[in-house]
Amino acid sequence: MKIFMTLYHFELKKIMQRKLVWVALLICIACIVVAKAGNLSGDYYVDGKVVDTHYHMFQVDSAYSRALSGRVIGQELLEEMTTAYGKIPAETERYTETEEYQQYARPYSEIFQLVWRWTQSNPFYDGWQADEQGLYDARKEWQEETWTKLFLSDAEKEFWQEKEAQIDKPFTYFYHEGYTVILKDFETVSILMLLFTAVCLSGVFPEEHVRRTDQMILSSAKGKYVVYWAKLSAGISVSFICAAVMGIVAITVALVIYGSDGFRTAVQMYLNLATYSYPLSIGRACIIAYGIFLLTAVLSSVLVMAASELLRSSIATLALFTGVIIAGQMISIPNQYRCVAQIWQSLPMSFLSCRGMFSQRLVVAGGYCFTVWQVVPILYVLCGVVAAVGGLRIYRRYQVSGR
Amino acid sequence: MKLVLDRVSKQYKNLIAVDRVSADLEKGVYGLLGANGAGKTTLMRMICGILKPTGGMITFDGIDVGEEAYRAILGYLPQDFGYYPEFSAKDFLLYLAALKGITKAQAKRKAEELLELVSLQDVGHKKVKTFSGGMKQRLGIAQALLNAPKLLILDEPTAGLDPKERVRFRELIENLGKESIVILSTHIVSDIEHIADEVLMMKAGQLIYHGKWDGMKGDLEEFYLKQFEETS
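These protein sequence lines map, in sequence, to chains E and X.
Take my numbering: the last position of the first sequence gets the number 403, and nothing is skipped along the way.
Take my numbering: the last position of the second sequence gets the number 232, and nothing is skipped along the way.
Just so you know, the hints here were simulated from the structure itself, not pulled from any lab data.
Note that the coordinates shown come from a computational prediction; the quantities given were computed from them, not determined experimentally.
From the three backbone atoms N, C-alpha and C, an ideal C-beta is built for every residue, glycine too.
Treat the hints with care, since some could be wrong.
Stated by the list, open to error - Some, not all, of what chain X presents toward chain E, calculated at C-beta under 8 Å: (1) Ile50; (2) Ala72; (3) Leu74; (4) Pro78; (5) Phe81; (6) Tyr84; (7) Leu96; (8) Ala98; (9) Leu99; (10) Lys100.
Said to hold, decoys possible - Sample of chain E residues lacking proximity to chain X, with all beta carbon distances greater than 10 Å (derived): (11) Tyr44; (12) Asp61; (13) Ala63; (14) Ala84; (15) Asn122; (16) Lys163; (17) Gln166; (18) Ala244; (19) Ala316; (20) Pro334; (21) Cys383.
Required output: the full structure, derived from the provided sequences and hints.
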């Protein structure tokens, strides 16, 4: 164990002494900060004229949203909202620019957005009347449409109906912008993490061959087994720590800028997960997302290192993983090919998004239904173990020849 | 202490790099001679366990070349070896010592001893990337000796060394040969002439001569050329 720790220390040193790692990490952190804070910079224009700054608009909107915190999304609040929006002249083309909107309606814009999303039509133009039951029915209808589009089985629908029944309704609104931003930008942070891992770890094994240090390593007592695990552990540590740093930066920046209140808000208040039926708070959803994010950092590091030993080239490995990441963003398998679509969406480059992680497709095993965020992490651990053992076999078979 | 090469062969598709080489080697210094492409490096790599023979067996005191116990008694200086540019010479030795299974405390002591032995004690803290070719070669020699090997394989060890260093190196090898098996491959016949107890000559993958060299047979270079003529 002492030898392993010494080798681990040296392998870690080898990785961390590469400028590439620091440069890549700094670029990733800069991208995360800019992505989070960039929305608040600059001015808001209407017809080419500056009307407001984005930061001031955010301050005003968040103050209005905070004022609604703790209010039940029920008949009373919906009536207040429709009354406020009713003061805007009906024939207005762009109602957000009216005085009435600014004075009466804007404080309810969060609820207005929610109604718009749930009913899938603009309540202002459609003349929507406050109707709590109608609103919740509209959400249910939308939910069922989604289930049909996703080709869910009866068992899956039953599972979601059970979970839906466990959710406290009517929902209570809480200001939760910080957590919304965390979930919204999660995919971007994840792609950066995957690219970082591919860039920084694709050379861990091939560089020994390129540098010709492999001859001394492989002819040494611990060079065919212990050093492999030391290298792998060092790579995993770098990937895990850097992913944790990226995650901490992303979460901290979001919570500092947008506020940390609203941890217990139902995840359904996040409009992209409005039809998701699992009884989950938005704060817990963020914890689950970043937990899986860290696990994926470990898996991707193992995959990158094992593939690099197979390909014996850092460039080829980098090209392969970059290609796969891009493919994950570009290719979407139609829902009717249920099995292929689900496998594709479970791959790291597709899974690390709200759409993938909180998919309503379930994994049915032994008569039980599990959500993908419960099952895929276990599969990732298994894949990681298989890749690590496969990598060891490739590493041990390596023959130094032809120089 | 016995290294046994039993019909060791290496074949790449249509090319036979090493052809049924057999030899029993005991304590002493063995000079391996052969022209470029004769199969010296391939044979040495197979003895070091980094290249798998396609035929035959290699054992040291009955331990197979593939076992960890075999590698534990092995010291190897490759012909063209790499280094970690950001590591200091001392770190480089400590890393290689860990690879050889030497504990940290022992490794520190051994690294200092060896740095002194190869006259690098004053630059032990400096990064290897700042070293000259000769200094790197001396560092390579030091790493090969870290585990006090019973079997020492040196592929072109004197390359890059100045005449003074070469003489010191010869003395070192001679001493090591009293306690271990040293196989030395070089183009410089005079190195072998001075220190080798026995000579192994290879041509086209085959061992064409294996015998003692006591200096009474005259000039080794002439002998070497003669052997080649006889077998061609």
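Hints, verified against the model:
A least Cβ separation of about 4 Å between X/Ile50 and chain E falls short of the 8 Å threshold, and the interface hint therefore holds. Because the beta carbon of X/Ala72 sits about 4 Å from the nearest beta carbon in chain E, less than 8 Å, this interface hint is met. For X/Leu74, the interface hint holds, the least distance from its beta-carbon to any beta-carbon of chain E being 6 Å, beneath 8 Å. Interface hint at X/Pro78: satisfied, since its Cβ lies 4 Å from the closest Cβ of chain E, which is below the 8 Å cut-off.
Annotation: X/Phe81 was flagged as interfacial toward chain E, and the flag holds, the nearest CB pair being 6 Å apart, inside 8 Å. For X/Tyr84, the interface hint holds, the least distance from its beta-carbon to any beta-carbon of chain E being 6 Å, beneath 8 Å. Taking 8 Å as the C-beta cut-off, the interface hint given for X/Leu96 holds, the closest approach to chain E being about 6 Å. Residue-level restraint check for X/Ala98 holds (minimum Cβ-Cβ distance to chain E is 4 Å; threshold 8 Å).
The interface hint given for X/Leu99 is met, as the beta carbon of that residue sits about 4 Å from the closest beta carbon of chain E, less than 8 Å. Interface hint status for X/Lys100: upheld, as the beta-carbon distance to the closest one in chain E is roughly 5 Å, under 8 Å. At the 10 Å boundary, the C-beta of E/Tyr44 stays outside the reach of chain X, the nearest C-beta of that chain being 50 Å off. A cut-off of 10 Å between C-beta atoms confirms that E/Asp61 is not in contact with chain X; the least separation is 50 Å.
For E/Ala63, the non-interface assignment is confirmed: its Cβ lies about 52 Å from the closest Cβ of chain X, beyond the 10 Å cut-off. With a least beta-carbon separation of about 65 Å from chain X, E/Ala84 lies farther than 10 Å from that chain, consistent with its non-interface assignment. In this structure E/Asn122 is separated from chain X by more than 10 Å, as the shortest Cβ-Cβ distance comes to about 61 Å. Consistency note on E/Lys163: stated as away from chain X, and its beta-carbon is indeed over 10 Å from all of that chain's, at 52 Å minimum.
At the 10 Å boundary, the C-beta of E/Gln166 stays outside the reach of chain X, the nearest C-beta of that chain being 54 Å off. Here E/Ala244 stays apart from chain X, with its beta-carbon at least about 24 Å from theirs, past the 10 Å limit. The non-interface label for E/Ala316 is consistent with chain X: the shortest C-beta to C-beta separation is roughly 20 Å, beyond 10 Å. Remark: the non-interface label on E/Pro334 is consistent with the geometry, its nearest Cβ contact in chain X lying 47 Å away (cut-off 10 Å).
No beta-carbon of chain X is positioned within 10 Å of the beta-carbon of E/Cys383; the least distance is around 29 Å.
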